[in-house]
Amino acid sequence: MHEQAEDRLRAGLAEGREDAFAALYDRFGRPLHRVAWSLLRSRQDAEDAVQEVFLGLVRSRAAIGKVESLRAYLFAALRHAAARLAARAKTPVLPAGDPPARDLNAQGEIDPETFQLLERGLAALPGEQREVLSLKIDGGLTFAEVAAVLGIRPNTAASRYRYALEKLRAILEAGCHEPRTTSTKLA
Amino acid sequence: MNPEPLPPSLRDLEERLAGRPCPEPAADFRARVLAAMTNSRTPSISRPAGRRWRLVWQAAAAVVLALNLGMSAANGMRFQRLTSHAAAPAGFEPWAPRTAAADAFDPNDPFEALAASALASFTPAPDAGALCRNFFSDLEERRWALP
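Chains as they are written, first to last, in the working numbering: chain H, 1 to 187; chain Y, 1001 to 1147.
Just chain H, same shape as in the assembly:
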């Protein structure tokens, strides 16, 4: 986003203008929801988390001028909202195990078997690595923004991302040799 456009968005938000709210949702709603779903694995919880983020943004809009990166701020708020929801539901953020396939109503670019394999691989990753993967891939954040969200250095975010991908590849390669997933071949 160009700086001028972001400045206009911030100004509109600070004034509480509805067109600014709509522009904010259209810009950040989808990636936020994707990351929220990735963290919570429930469409309802993901929607609740995203709504909480936007409501929090409106309530604290007077201080939005002090925020360095609006995108990083929103994803950091989403991370906190997801943790709160998970604590309320007494389920861990980034739950391990099979993904709830019933929540999926969208068709991706990969076949369902590969999807299941990927999700199993993701579930087997350490939480901090899955979080970096989700923020980078699902949220479309840069390493600097991921670092700002997680409170780590950009180099750490980048290396954590690479380790996560390497580990996921190893998991998937090992999984491909299992009898029930032999039909799926990943890189």
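Rather than coming from a laboratory, the hints here were simulated on the basis of the structure.
Hints are not guaranteed to be accurate.
As a list, the in silico SDA-like pairs of lysine to any residue whose alpha-carbon atoms are at most 20 Å apart [said to hold, decoys possible]:
(1) H:Lys167 with Y:Leu1010
(2) H:Lys167 with Y:Glu1015
(3) H:Lys66 with H:Glu3
(4) H:Lys66 with H:Gln4
(5) H:Lys66 with H:Arg10
(6) H:Lys167 with H:Ala124
(7) H:Lys66 with H:Arg8
(8) H:Lys66 with H:Gly12
(9) H:Lys167 with Y:Gly1019
(10) H:Lys167 with Y:Ser1009
(11) H:Lys167 with H:Arg120
(12) H:Lys167 with H:Glu119
(13) H:Lys66 with H:Leu55
(14) H:Lys66 with H:Arg17
(15) H:Lys167 with H:Gln116
(16) H:Lys167 with Y:Leu1006
(17) H:Lys167 with Y:Ala1018
(18) H:Lys167 with Y:Pro1007
(19) H:Lys167 with Y:Glu1004
(20) H:Lys167 with Y:Pro1008
(21) H:Lys167 with Y:Glu1014
(22) H:Lys66 with H:Gly151
(23) H:Lys167 with Y:Asp1012
(24) H:Lys167 with Y:Arg1011
(25) H:Lys167 with Y:Pro1003
(26) H:Lys167 with Y:Pro1005
Assemble the complex: chain H is given as a structure, and chain Y must be docked to it using the hints.
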């Protein structure tokens, strides 16, 4: 920052991860979020109420301070008047009871009447002797002062 480029196998995995399906939010989710955002502007609209309470507290504090200062000033002026009333007449003996001075108070003023009765019942401390009188007077300083 420019991280080291990923090898093709990891880039491919990255693309597969980006392409995996994700449930879309409900059809009316956008409208619900925007309506909730619009409604949640209300607390900031009611913010003047908070400012109003702060003004009330500030005004109350100012009134208390003004009362305090006014009463202090009134007390000081009253004290000045009392001391002028209670000024010792010529030939007043400091160690004697001040019953004579009590007559100078205005009996119609309840405060002065109270002060007069308090002064009338005042019992002076016994005379501690010449040494004490010399010690608490300026005679000693004058005695030792250089010519």
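Going through the hints against the structure:
1. Between H:Lys167 and Y:Leu1010 the CA atoms are separated by roughly 10 Å; this keeps the pair inside 20 Å, and the hint holds.
2. Restraint check: the Cα-Cα separation between H:Lys167 and Y:Glu1015 comes to about 16 Å, which is no more than 20 Å; the hinted pair holds.
3. For the proposed pair H:Lys66 and H:Glu3, the alpha carbon gap of about 15 Å is at most 20 Å, so the pair holds.
4. Between H:Lys66 and H:Gln4, the direct Cα distance comes to roughly 16 Å. Compliance with the 20 Å bound is thereby established for this hinted pair.
5. Taking the CA atoms of H:Lys66 and H:Arg10, the gap is about 10 Å. The hint holds against a cut of 20 Å.
6. At most 20 Å may separate the alpha-carbon atoms for a hinted pair to count; H:Lys167 and H:Ala124 meet this at roughly 9 Å.
7. Between H:Lys66 and H:Arg8, the direct Cα distance comes to roughly 15 Å. Compliance with the 20 Å bound is thereby established for this hinted pair.
8. For the proposed pair H:Lys66 and H:Gly12, the alpha carbon gap of about 15 Å is at most 20 Å, so the pair holds.
9. With a C-alpha separation of about 19 Å, the suggested pairing of H:Lys167 with Y:Gly1019 holds against the 20 Å cut-off.
10. For the given pair, H:Lys167 sits about 12 Å from Y:Ser1009 by alpha-carbon distance, which is consistent with the 20 Å threshold.
11. Distance hint between H:Lys167 and H:Arg120 is fulfilled; the C-alpha atoms sit about 12 Å from each other, no more than 20 Å.
12. Pair hint H:Lys167 plus H:Glu119 holds up; C-alpha atoms about 13 Å apart against a cutoff of 20 Å.
13. Only pairs whose Cα atoms come within 20 Å are accepted, and H:Lys66 paired with H:Leu55 is accepted, the gap being roughly 18 Å.
14. Taken as a hint, the H:Lys66 and H:Arg17 pair is honoured in the structure, with Cα atoms around 19 Å apart against an allowance of 20 Å.
15. A C-alpha spacing of about 17 Å is found between H:Lys167 and H:Gln116, which places the hinted pair at or below 20 Å, so the restraint holds.
16. At most 20 Å may separate the alpha-carbon atoms for a hinted pair to count; H:Lys167 and Y:Leu1006 meet this at roughly 14 Å.
17. Restraint check: the Cα-Cα separation between H:Lys167 and Y:Ala1018 comes to about 17 Å, which is no more than 20 Å; the hinted pair holds.
18. For the hint pairing H:Lys167 with Y:Pro1007, the CA-to-CA distance comes to about 14 Å; that is within 20 Å, so the pair holds.
19. Among the hinted pairs, H:Lys167 with Y:Glu1004 is consistent with the structure: their alpha-carbon atoms are about 17 Å apart, no more than 20 Å.
20. Annotation: proposed proximity of H:Lys167 to Y:Pro1008 holds, straight-line Cα distance about 15 Å (limit 20 Å).
21. Distance restraint check for H:Lys167 and Y:Glu1014: the Cα-Cα separation of roughly 12 Å lies within the 20 Å cut-off, and the hinted pair is therefore satisfied.
22. Taking the CA atoms of H:Lys66 and H:Gly151, the gap is near 17 Å; set against the 20 Å cutoff, the hint holds.
23. At roughly 14 Å between alpha-carbon atoms, H:Lys167 and Y:Asp1012 fall within 20 Å of each other, so this suggested pair holds.
24. A C-alpha spacing of about 14 Å is found between H:Lys167 and Y:Arg1011, which places the hinted pair at or below 20 Å, so the restraint holds.
25. About 18 Å separates the Cα atoms of H:Lys167 and Y:Pro1003, which keeps this hinted pair within 20 Å; it holds.
26. This hinted pair checks out: H:Lys167 and Y:Pro1005 have alpha carbons roughly 17 Å apart, not beyond 20 Å.
Going through the hint list in order, the structure satisfies each hint without exception.
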